[in-house]
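Novice: What follows is the residue order along each chain.
Protein chains: 2
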Amino acid sequence: MAEQKKMVEAITPMEEDFAKWYTDIVKKAELMDYTSVRGCMVIEPYGWAIWENIQHILDQRFKELGHENVSMPMFIPESLLNKEKEHVEGFAPEVAWITMGGNEKLQERLCVRPTSETLFCDHYAKVIHSWRDLPKLYNQWCSVVRWEKTTRPFLRSVEFHWQEGHTMHETAQEAEEETQRMLGVYADFCENELGIPVIKGRKTDKEKFSGAVATYTIEAMMHDGKALQSGTSHYFGDGFAKAFNVTFQGRDNSICHPFQTSWGMSTRIIGGIIMTHGDNDGLVLPPAVAPIQVIIVPVAQHKPGVLDKAQELRKRLKKAFRVRVDDSDQSPGWKFAQYEMKGVPLRLEIGPKDIEKNQCVLVRRHDRQKIFVPLDQLEQAVAEQLEQVRKGMYEKALARRESMTYSAKTLEEFKKIADSKPGFVKAMWCGDLACEEKLKEVAGVSSRCMPFEQEHIGDTCVCCGKPAKTMVYWGKAY
Amino acid sequence: MAEQKKMVEAITPMEEDFAKWYTDIVKKAELMDYTSVRGCMVIEPYGWAIWENIQHILDQRFKELGHENVSMPMFIPESLLNKEKEHVEGFAPEVAWITMGGNEKLQERLCVRPTSETLFCDHYAKVIHSWRDLPKLYNQWCSVVRWEKTTRPFLRSVEFHWQEGHTMHETAQEAEEETQRMLGVYADFCENELGIPVIKGRKTDKEKFSGAVATYTIEAMMHDGKALQSGTSHYFGDGFAKAFNVTFQGRDNSICHPFQTSWGMSTRIIGGIIMTHGDNDGLVLPPAVAPIQVIIVPVAQHKPGVLDKAQELRKRLKKAFRVRVDDSDQSPGWKFAQYEMKGVPLRLEIGPKDIEKNQCVLVRRHDRQKIFVPLDQLEQAVAEQLEQVRKGMYEKALARRESMTYSAKTLEEFKKIADSKPGFVKAMWCGDLACEEKLKEVAGVSSRCMPFEQEHIGDTCVCCGKPAKTMVYWGKAY
Ligand SMILES: [Zn+2]
Ligand SMILES: [Zn+2]
Numbered sequence: 000m001a002e003q004k005k006m007v008e009a010i011t012p013m014e015e016d017f018a019k020w021y022t023d024i025v026k027k028a029e030l031m032d033y034t035s036v037r038g039c040m041v042i043e044p045y046g047w048a049i050w051e052n053i054q055h056i057l058d059q060r061f062k063e064l065g066h067e068n069v070s071m072p073m074f075i076p077e078s079l080l081n082k083e084k085e086h087v088e089g090f091a092p093e094v095a096w097i098t099m100g101g102n103e104k105l106q107e108r109l110c111v112r113p114t115s116e117t118l119f120c121d122h123y124a125k126v127i128h129s130w131r132d133l134p135k136l137y138n139q140w141c142s143v144v145r146w147e148k149t150t151r152p153f154l155r156s157v158e159f160h161w162q163e164g165h166t167m168h169e170t171a172q173e174a175e176e177e178t179q180r181m182l183g184v185y186a187d188f189c190e191n192e193l194g195i196p197v198i199k200g201r202k203t204d205k206e207k208f209s210g211a212v213a214t215y216t217i218e219a220m221m222h223d224g225k226a227l228q229s230g231t232s233h234y235f236g237d238g239f240a241k242a243f244n245v246t247f248q249g250r251d252n253s254i255c256h257p258f259q260t261s262w263g264m265s266t267r268i269i270g271g272i273i274m275t276h277g278d279n280d281g282l283v284l285p286p287a288v289a290p291i292q293v294i295i296v297p298v299a300q301h302k303p304g305v306l307d308k309a310q311e312l313r314k315r316l317k318k319a320f321r322v323r324v325d326d327s328d329q330s331p332g333w334k335f336a337q338y339e340m341k342g343v344p345l346r347l348e349i350g351p352k353d354i355e356k357n358q359c360v361l362v363r364r365h366d367r368q369k370i371f372v373p374l375d376q377l378e379q380a381v382a383e384q385l386e387q388v389r390k391g392m393y394e395k396a397l398a399r400r401e402s403m404t405y406s407a408k409t410l411e412e413f414k415k416i417a418d419s420k421p422g423f424v425k426a427m428w429c430g431d432l433a434c435e436e437k438l439k440e441v442a443g444v445s446s447r448c449m450p451f452e453q454e455h456i457g458d459t460c461v462c463c464g465k466p467a468k469t470m471v472y473w474g475k476a477y
Numbered sequence: 000m001a002e003q004k005k006m007v008e009a010i011t012p013m014e015e016d017f018a019k020w021y022t023d024i025v026k027k028a029e030l031m032d033y034t035s036v037r038g039c040m041v042i043e044p045y046g047w048a049i050w051e052n053i054q055h056i057l058d059q060r061f062k063e064l065g066h067e068n069v070s071m072p073m074f075i076p077e078s079l080l081n082k083e084k085e086h087v088e089g090f091a092p093e094v095a096w097i098t099m100g101g102n103e104k105l106q107e108r109l110c111v112r113p114t115s116e117t118l119f120c121d122h123y124a125k126v127i128h129s130w131r132d133l134p135k136l137y138n139q140w141c142s143v144v145r146w147e148k149t150t151r152p153f154l155r156s157v158e159f160h161w162q163e164g165h166t167m168h169e170t171a172q173e174a175e176e177e178t179q180r181m182l183g184v185y186a187d188f189c190e191n192e193l194g195i196p197v198i199k200g201r202k203t204d205k206e207k208f209s210g211a212v213a214t215y216t217i218e219a220m221m222h223d224g225k226a227l228q229s230g231t232s233h234y235f236g237d238g239f240a241k242a243f244n245v246t247f248q249g250r251d252n253s254i255c256h257p258f259q260t261s262w263g264m265s266t267r268i269i270g271g272i273i274m275t276h277g278d279n280d281g282l283v284l285p286p287a288v289a290p291i292q293v294i295i296v297p298v299a300q301h302k303p304g305v306l307d308k309a310q311e312l313r314k315r316l317k318k319a320f321r322v323r324v325d326d327s328d329q330s331p332g333w334k335f336a337q338y339e340m341k342g343v344p345l346r347l348e349i350g351p352k353d354i355e356k357n358q359c360v361l362v363r364r365h366d367r368q369k370i371f372v373p374l375d376q377l378e379q380a381v382a383e384q385l386e387q388v389r390k391g392m393y394e395k396a397l398a399r400r401e402s403m404t405y406s407a408k409t410l411e412e413f414k415k416i417a418d419s420k421p422g423f424v425k426a427m428w429c430g431d432l433a434c435e436e437k438l439k440e441v442a443g444v445s446s447r448c449m450p451f452e453q454e455h456i457g458d459t460c461v462c463c464g465k466p467a468k469t470m471v472y473w474g475k476a477y
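As they're listed, the protein sequences go chains F and Y. Heads up, the first sequence is in numbering that gives the first Met the number 0, so the first residue is 0 and it goes up one at a time. Heads up, the second sequence is in numbering that gives the first Met the number 0, so the first residue is 0 and it goes up one at a time.
With the rest of the complex left out, here is chain F (with noise of 0.2 angstroms):
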């Protein structure tokens, strides 16, 4: 097993230097490869494959409850961005511009979209007309660019890729109740596939989005106490519509606006899946996006009949699950690192000992637990193993969250948990601003959300002293 040792070795562990523990899982497990553009990144074979299953689920999803997918161009005009106020001078200062088309000089600049809602609405402006034409629900999957200056694999990046939904509805409480429906889609998908438990909450007016009325967001925590934002959905009201001129006749043949929404998840939430469920030993995957579910290792694959008993394994597993056989010339101890690294959900193990008694061997990745299995009960097994992982994991996952939440009920308590234990803090919340700049400046965090699930942890703003509005969680975020 020195082989074995040496790879696991070559990761940092993650209590040593948790930022390098990632981006060594992040290479080392091939999911994406740094480039000569400053903040973009390859999204490598095994990265992306992660992604398409990703966008497989969610497209599906959001299919089922009647959304349509278009392609709006990859290009916003300067005098598009600029019509609505509060938008432009949230993405202004992070935008692209292309300002030479060939050898030509552009009349007007064109930047690369940050976001889309502007090339909607110009576009809805278009095609809406009559209360007929409503809901509106378009969707699109692409990548958009934000001239970050320090930049993450998967959590900050220039170019990203996401999928971003887009609506428009009659009146302001169908606009809401979508808004929310697919906030509790991207929750369902973070929790039930993906194994990340999320946190639902609106958003602080801070911390929301450019241009929109309210913003509402799911948190996870990582391994390390912070939070990552890993799917928003945003309310607009009728702001953009009266910008962009999107009109409509109403059933009582008036002209009205449409209310609107819009709501994105991106491959941010990649750097979600490996912080949160990742360990020493590499990558740990949600067997509903795992790009390989189960990995067949034949154990002295050079004995009569190991590799094909291992490939006809392979024939019978590959009509319910994605299944692959190593085959290769190194050594099972090499291949047990190495698809540890890979986060595989379950590893099959098959040798000469396991055919006689008719048999193979599981093991999962999340537990390490073992367990033999019969042959002829094989595909009910790696079915019920599977699912046993995804709710393992989910577990495994909310236990470690609940355990770094902590409550505060004076600044006291707020700054000495913020200081020295990583996680959220739950806390009451007057409502100011300043209050959040103040917990900010001196506990280093901020607002995460405003949760659904309120809990009374007392009657006054933890900063100020005020009568408090609401419970808010508190943290440090990627």
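It should be emphasised that the hints constitute simulated quantities derived from the structure, not laboratory data. Careful, some of the hints might be misleading.
[As the list claims (entries may be wrong)] Distance condition first, Cα-Cα at most 30 angstroms in a straight line; then the derived BS3-like pairs of lysine-lysine: (1) F:Lys-62 to Y:Lys-318; (2) F:Lys-318 to Y:Lys-62; (3) F:Lys-148 to Y:Lys-104; (4) Y:Lys-125 to F:Lys-19; (5) Y:Lys-104 to F:Lys-82; (6) F:Lys-415 to F:Lys-199; (7) F:Lys-308 to Y:Lys-62; (8) F:Lys-104 to Y:Lys-84; (9) Y:Lys-314 to F:Lys-62; (10) Y:Lys-314 to F:Lys-104; (11) F:Lys-414 to F:Lys-356; (12) Y:Lys-82 to F:Lys-26; (13) F:Lys-356 to F:Lys-148; (14) Y:Lys-104 to F:Lys-104.
Using the hints provided, position chain Y with the ligands relative to the given structure of chain F.
Specialist: Coordinates of chain Y with the ligands only, in the frame set by chain F:
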């Protein structure tokens, strides 16, 4: 049927103005919309659904052949684009340049990728070390940008969507085989899934891709006799590998350069579908990529039982087909015209009399044939009819291409055909650029390809009379 007529009259007949006919269909079938960015379009839900179906089929075929999807950055630094001389000369005049990020001027300009050979090579230089790392079979689905002066929906736009495969191989022979194999995938897809007959062949040096050793193409003939280059596959030798210093340790331990291919198919093919199969009533879609394969139109839908029956049939059919019921208040005549415009391959009509007889009516879009089907044989009948449509569309297109393909032995004959008859001209060629340029000048045609299936039309070049080397398809092209 007054409404139906009115709707049909709204498309310009192709005989009157082919270009207008084309854009009428694109707009009225709701495939795309123009935007405020010159040459960039919104691909609307119905158009994007066609592209998603194309993606799904091709992606599956690529993966079956061992290709893996990745994602490269959308930006290329100027210095990287400049590394291969012929390549940069071909593309630099038509790229969009980013010169500003946020409020800062960039030290080095970045272009938005017009194609990604340079990015793939830059990455391959880092990940290819040994012959054991080969072949590398990567593909990506993305959009690219070329600063075209004149644009047309799907056919030529500033931004367009495509897939680009980029592979590296140990030997020249393996790379050449890959080039041919992928051309074969495109040809098979066009002919068997899209019903578009294509001519496979090699491009002349004048028409080949900037930086390639050889470019292979599939050429389709549109309704107006013009050619559409529908997919290309390039062999690069080791030219890029040398320019980008991609090396590997060979089996004999020597340091070698790998051999490279790239191949692409784009949203242009949607233009090809429109112009191959469309008619004066609108779009005609091949079943494999039609967003709706069967549209159920209830007749006398206010009569008891009709809508229930229509929904019952939809439920039966949706297990195997993309099917919808139009139960809106529009008249059946309006619906017939509407889904003919949208190119739905099969219409299913069901009314009280049909229900009495326990039957329904199927009407094929491409040849208007009506088939009465007993309801207990519905699934089988729909499957059979869609197969008939697939074959029928191909045969119809093939017959038209054959009737519009001519041979010329002399320059005079060549000019006469090119002047008077839209279509392809087959003629012998000596291989000299001068003759290629002269035919462009005197007959307005370009060489489409040197087909793999050669014919012996004569011994001498149709232009200069010197000994001929090869038979070439000539034509006007999109
Ligand atoms: Zn306060
Ligand atoms: Zn000649």
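Novice: Hint by hint, note whether the structure agrees.
Specialist: Consistency of the hints with the structure:
no. : hint                   : result
1   : F:Lys-62 to Y:Lys-318  : 16 angstroms, holds
2   : F:Lys-318 to Y:Lys-62  : 16 angstroms, holds
3   : F:Lys-148 to Y:Lys-104 : 14 angstroms, holds
4   : Y:Lys-125 to F:Lys-19  : 21 angstroms, holds
5   : Y:Lys-104 to F:Lys-82  : 24 angstroms, holds
6   : F:Lys-415 to F:Lys-199 : 26 angstroms, holds
7   : F:Lys-308 to Y:Lys-62  : 25 angstroms, holds
8   : F:Lys-104 to Y:Lys-84  : 24 angstroms, holds
9   : Y:Lys-314 to F:Lys-62  : 17 angstroms, holds
10  : Y:Lys-314 to F:Lys-104 : 56 angstroms, violated
11  : F:Lys-414 to F:Lys-356 : 60 angstroms, violated
12  : Y:Lys-82 to F:Lys-26   : 27 angstroms, holds
13  : F:Lys-356 to F:Lys-148 : 59 angstroms, violated
14  : Y:Lys-104 to F:Lys-104 : 15 angstroms, holds
Violated hints, in rising order: 10, 11, 13; the structure is consistent with all others.
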